[in-house]
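Colleague: Chain order of the listed sequences is A and B.
Take the first sequence: its position 20, counted from the start at 1, is 97 in my numbering, and no numbers get skipped.
Take the second sequence: its position 343, counted from the start at 1, is 499 in my numbering, and no numbers get skipped.
Any given hint could turn out to be false.
[Said to hold, decoys possible] What follows is a list of derived Cβ distance ranges for each label pair:
id, chain 1, residue 1, chain 2, residue 2, range
1, A, Pro89, B, Asp436, 45 to 53 Å
2, A, Asp168, B, Glu569, 39 to 47 Å
3, A, His318, B, Asp436, 34 to 42 Å
4, B, Glu558, A, His231, 42 to 50 Å
5, A, Arg290, B, Glu471, 40 to 48 Å
6, A, His231, B, Ala282, 21 to 29 Å
7, A, Asn382, B, Glu435, 35 to 43 Å
8, A, Ala384, B, Asp436, 42 to 50 Å
9, A, Gly147, B, Glu435, 44 to 52 Å
[Said to hold, decoys possible] Derived lysine to aspartate or glutamate pairs resembling DMTMM-like cross-links, with alpha carbons at most 20 Å apart:
id, chain 1, residue 1, chain 2, residue 2
10, A, Lys144, A, Asp349
11, B, Lys346, A, Asp349
12, A, Lys197, B, Glu462
13, B, Lys465, B, Glu220
14, B, Lys465, A, Glu164
15, B, Lys346, B, Asp421
16, A, Lys197, B, Glu463
17, B, Lys346, A, Glu164
18, B, Lys346, A, Glu366
19, B, Lys521, B, Glu171
20, A, Lys331, A, Asp349
Don't read these hints as lab results, they were simulated from the structure.
Even glycine gets a Cβ: it sits at the ideal position worked out from N, Cα and C.
Residue-level listing of the chains:
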Amino acid sequence: MFTQRHLLGIEPLHPTEITTLLDRAEHYAEAQRRGDKHGDALAGLTQINMFFENSTRTQASFEIAGKRLGADVMNMAMQASSLKKGETLIDTALTLNAMRPDLLVVRHPHSGAVNLLAEKVNCAVLNAGDGRHEHPTQALLDALTIRRAKGRLHRLTVAICGDIAHSRVARSNLILLGKMESRVRLVGPPTLMPSEVAELGIEVTDDMAEGLRDADVVMMLRLQKERMDGGFIPSEREYYHRFGLDAAKLAHAKPDAIVMHPGPMNRGVEIDGTLADDINRSVIQEQVEMGVAVRMSAMDLLAQNLARA
Amino acid sequence: MTSTLLTNARLIDPEAGTDTLGELRIEAGRITAPGPAEQVVDCGGRCLAPGIVDLGVKVGEPGERHKESFHTAGQAAARGGITTMVCRPDTIPVIDSPETLEHARTRATHSAVRVHHMSALTRGRAGREMVEIGFLRDAGAVAFTDGTHVVTDTKVLSRCLTYARSLRALVVGHPQEPGLARGAVVTSGKFASLRGLPGVSPLAERMGVERDLALVEATGVAYHLDQVTTAAGLAPLRRARAAGLDVTAGTSIHHLTLNVLDVADYRTFFKVTPPLRTEDDRLAVAEALADGTIDIISSMHTPQDEESKRLPFEEAAPGAVGLETLLPAAMRLVSAGHVDLPTLWRALSLNPARRLGLAGGTLAKGAPADLVLFDPDAPFVLDRWTLASKSKNTPFDGARMEGRVLRTWVGGETVYDRADG
Numbered sequence: 078m079f080t081q082r083h084l085l086g087i088e089p090l091h092p093t094e095i096t097t098l099l100d101r102a103e104h105y106a107e108a109q110r111r112g113d114k115h116g117d118a119l120a121g122l123t124q125i126n127m128f129f130e131n132s133t134r135t136q137a138s139f140e141i142a143g144k145r146l147g148a149d150v151m152n153m154a155m156q157a158s159s160l161k162k163g164e165t166l167i168d169t170a171l172t173l174n175a176m177r178p179d180l181l182v183v184r185h186p187h188s189g190a191v192n193l194l195a196e197k198v199n200c201a202v203l204n205a206g207d208g209r210h211e212h213p214t215q216a217l218l219d220a221l222t223i224r225r226a227k228g229r230l231h232r233l234t235v236a237i238c239g240d241i242a243h244s245r246v247a248r249s250n251l252i253l254l255g256k257m258e259s260r261v262r263l264v265g266p267p268t269l270m271p272s273e274v275a276e277l278g279i280e281v282t283d284d285m286a287e288g289l290r291d292a293d294v295v296m297m298l299r300l301q302k303e304r305m306d307g308g309f310i311p312s313e314r315e316y317y318h319r320f321g322l323d324a325a326k327l328a329h330a331k332p333d334a335i336v337m338h339p340g341p342m343n344r345g346v347e348i349d350g351t352l353a354d355d356i357n358r359s360v361i362q363e364q365v366e367m368g369v370a371v372r373m374s375a376m377d378l379l380a381q382n383l384a385r386a
Numbered sequence: 157m158t159s160t161l162l163t164n165a166r167l168i169d170p171e172a173g174t175d176t177l178g179e180l181r182i183e184a185g186r187i188t189a190p191g192p193a194e195q196v197v198d199c200g201g202r203c204l205a206p207g208i209v210d211l212g213v214k215v216g217e218p219g220e221r222h223k224e225s226f227h228t229a230g231q232a233a234a235r236g237g238i239t240t241m242v243c244r245p246d247t248i249p250v251i252d253s254p255e256t257l258e259h260a261r262t263r264a265t266h267s268a269v270r271v272h273h274m275s276a277l278t279r280g281r282a283g284r285e286m287v288e289i290g291f292l293r294d295a296g297a298v299a300f301t302d303g304t305h306v307v308t309d310t311k312v313l314s315r316c317l318t319y320a321r322s323l324r325a326l327v328v329g330h331p332q333e334p335g336l337a338r339g340a341v342v343t344s345g346k347f348a349s350l351r352g353l354p355g356v357s358p359l360a361e362r363m364g365v366e367r368d369l370a371l372v373e374a375t376g377v378a379y380h381l382d383q384v385t386t387a388a389g390l391a392p393l394r395r396a397r398a399a400g401l402d403v404t405a406g407t408s409i410h411h412l413t414l415n416v417l418d419v420a421d422y423r424t425f426f427k428v429t430p431p432l433r434t435e436d437d438r439l440a441v442a443e444a445l446a447d448g449t450i451d452i453i454s455s456m457h458t459p460q461d462e463e464s465k466r467l468p469f470e471e472a473a474p475g476a477v478g479l480e481t482l483l484p485a486a487m488r489l490v491s492a493g494h495v496d497l498p499t500l501w502r503a504l505s506l507n508p509a510r511r512l513g514l515a516g517g518t519l520a521k522g523a524p525a526d527l528v529l530f531d532p533d534a535p536f537v538l539d540r541w542t543l544a545s546k547s548k549n550t551p552f553d554g555a556r557m558e559g560r561v562l563r564t565w566v567g568g569e570t571v572y573d574r575a576d577g
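Chain A on its own, in the form it takes in the complex:
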C-alpha cells in the first residue's frame, strides 16, 4: 500500500507505506545486481531535478534511477538560473509546471521550501533534502541497508552520531526508525544537538561509549567544515578525539554492529579512514547502491499514483 501523491518527508508516511517502498526497492536492488538494470516504469514520463543547493551524489543517484526506469530526465542547476534574476521559488515552480513534468525532484537550502513548492504544482514532488528538515530518500536507503544487514527494522538499537542539529538526514532517520519501532540514540556534543529532542522520547548523550553501548547500527553524520572553527566545537582534533568513530569506540557496540555514513565523509574528522573501508563493518558503499534502488522505487510508486489520479 502506498497512497502518497508526493514524497515530502518520512513524517507523513504510514509504516506499511515505508515497507512497501522498501520491498519495491529490494526488488530493484536485486534486479540491478543481476545486471537487469533497465525497466520501463517511467517510460514516457518527464523527470526534472531542481537542485537549489549543490549536490553531486544525490542528483546523480536520482538521475540514474530515472534513466534506468525510462524517464526523460532533465537537470536544472538552480543557482545559475532564474533565482539570480529575482524570480521567486513559486514562480520558478509554476514555470516548470507549465512544461508538464511528471516528477519533480527538489533540493532547497530552506526547511519547508519543498512543501511550499508541492502546493503549487500538479506533478509528483520528491524532496531531495530541504534545509534541516527532511531527506526522506536518504532515510529510506539507510533503512533498506539496515534491513538487508540485520534482517529487520524493529527492535534494533541505532546510534546516530555527530551534528544532529543541522542534519536533515538525522531527522528523517529518527522519524523512520521510530515508526518502525526501533530505538534511536543521538550522540554528539550538546552544541550540535537540537533543543528538547529528549522530550520526543529519544535517548540523548554526549558520551560515545554510552551512546554506542550494544548498538546494532552506528550511523555517523558529516560535520560541515564551517562548523569546525570554534563556533560549535573547539577544534577538529578535539572533535575527532571525543566523537570520531574508531575501532576503540566501535568496540562498545555489538560485535556485529554495522557502520554507516551518508557521505561525503571527512576521514579523520568524524570517522577513521581504515574503519570506513573495512568491508566487514562498513556498509557505506552499499548505502550508495541502495540509494539508486530506493529512488527507483519511490518514483515508480509515485508514478503509479499519478496514473490513478
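Please arrange chain B on chain A, whose structure you already have, making use of the hints.
Modeller: Showing chain B alone in chain A's frame:
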C-alpha cells in the same frame, strides 16, 4: 452641534471596572451627562466601550504605501473598533527627525481615526546616535522606540534613557538578547527541532528584560517593555514592578491567542516577531494580563504583501495584520475565562491612553466620544479578502471568531457603521 443619546447599552467602563446596562450622551464630540438629545440610538443591549487605543501600528507610509496607507489603515481600524492608532517609526525612511515626523503627520490626516506617532530612539534605528528627542517630542512624538532593532550598545542606550528621562519622554523597548536571537525564525524547542527551523530560546527575552530593567532602574526613565511573551520574561518584570520602577509592559494579541504549533506546515502568516511561543508561555502571559503585570494589548499590525509571504518560512517577511481582528481575537480571552470585559478594556484602551498621556480610554464626562459598539457573541468565519487593510496577511484566515464591531465613533462622529455595509 448635534447631540446623541445612546440608550439600552451595555456600558463597559474600564476605569470603574463595571459592566452595566445604561445610557451615554454625546455632545460636541464629547461624553456628557445623560439627558435629552436630538438623536436617540438604541444600542439593543450590545456592548458600548471606549474605543481601542492601539500602541504599535505599522502603516506603510512613508515608503511602503503599497502595503498599507493611512487611509486603508484608518478604515481597518474603524472597522476594528480602534479609535486611536499609535504608529511605529520603522518606516522607509525611519521617523527619526522632526521633518520625517511632519511628513507622516501630514499623511495621517487621511486616516478615519486618530493617529499619533512614535519616533525612533536612535537615528535610522541604527543604535548609534540618539534622535532629537526634544524637538521630536515638541513636534508630537508620543514615545521613542527602535522597535525590533534592539539597541545593543548599552552605553548608547544608557545615554538615550538618561536624556529621555530629563525630558519626561516615554521610551518603548522590545526586550531581546540579539545575539541569541540571531537568525532565529521560531521559538526553540520540540517544534523547531522537528521542523528543522532555527530557533531562539525564551531565555533571550528574559535577558533582554533584565538588561533593560537594570538601565531603567539606573536612569529612572519611563519605560514601556513591549512584547513580553514568555513566562521567563515575566518574572523579572514582576520584581521590577514590585520595586516601584516606572515600567509598564505590553504584549501582542497574537501571542495571547496563538502558539508555536500554529505554524504547522511552515505557514508564513504565523511568522511574527518575536516568534510565537509555547502554549505554557501563552497561558502565563494571559494570566499576567489578568493580574495586571501586562498592562497593554496591541495588534502589532504589520502589513506584508503577498510576495513577502509566499516564500520559504526562513525567507518570508515577519508580521501579521491585526487592526480588524484585534477585538474578536481578544474576545477569545473573555470566552476562555482569562479576563472579564472591563479588565480586557483596561488593556485595550484605558492603559495605553494613560501611558501615552492621551485623552480617551474612558466613559467619563468630558472625555472625547471615541466609542465602539459591538456584539460580543456574534459568530463569524474570517475571510481575509474581506479585510479593509491593503495587505491580507492575517493568521486568522478561515478561523471561527466571535465579536463583531457594529459602530465606531471618533470625537462623536461615526467613522464606521456596520449597517451601512
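Colleague: Each hint should be assessed against the structure and marked as holding or not.
Modeller: Tested hints:
{"no.": "1", "hint": "A:Pro89 to B:Asp436: 45 to 53 Å", "in the structure": "28 Å, violated"}
{"no.": "2", "hint": "A:Asp168 to B:Glu569: 39 to 47 Å", "in the structure": "45 Å, holds"}
{"no.": "3", "hint": "A:His318 to B:Asp436: 34 to 42 Å", "in the structure": "39 Å, holds"}
{"no.": "4", "hint": "B:Glu558 to A:His231: 42 to 50 Å", "in the structure": "48 Å, holds"}
{"no.": "5", "hint": "A:Arg290 to B:Glu471: 40 to 48 Å", "in the structure": "42 Å, holds"}
{"no.": "6", "hint": "A:His231 to B:Ala282: 21 to 29 Å", "in the structure": "58 Å, violated"}
{"no.": "7", "hint": "A:Asn382 to B:Glu435: 35 to 43 Å", "in the structure": "36 Å, holds"}
{"no.": "8", "hint": "A:Ala384 to B:Asp436: 42 to 50 Å", "in the structure": "48 Å, holds"}
{"no.": "9", "hint": "A:Gly147 to B:Glu435: 44 to 52 Å", "in the structure": "51 Å, holds"}
{"no.": "10", "hint": "A:Lys144 to A:Asp349", "in the structure": "35 Å, violated"}
{"no.": "11", "hint": "B:Lys346 to A:Asp349", "in the structure": "33 Å, violated"}
{"no.": "12", "hint": "A:Lys197 to B:Glu462", "in the structure": "15 Å, holds"}
{"no.": "13", "hint": "B:Lys465 to B:Glu220", "in the structure": "15 Å, holds"}
{"no.": "14", "hint": "B:Lys465 to A:Glu164", "in the structure": "14 Å, holds"}
{"no.": "15", "hint": "B:Lys346 to B:Asp421", "in the structure": "14 Å, holds"}
{"no.": "16", "hint": "A:Lys197 to B:Glu463", "in the structure": "14 Å, holds"}
{"no.": "17", "hint": "B:Lys346 to A:Glu164", "in the structure": "33 Å, violated"}
{"no.": "18", "hint": "B:Lys346 to A:Glu366", "in the structure": "34 Å, violated"}
{"no.": "19", "hint": "B:Lys521 to B:Glu171", "in the structure": "12 Å, holds"}
{"no.": "20", "hint": "A:Lys331 to A:Asp349", "in the structure": "18 Å, holds"}
Checked against the numbered hints listed earlier, the structure breaks hints 1, 6, 10, 11, 17 and 18; every other hint is satisfied.
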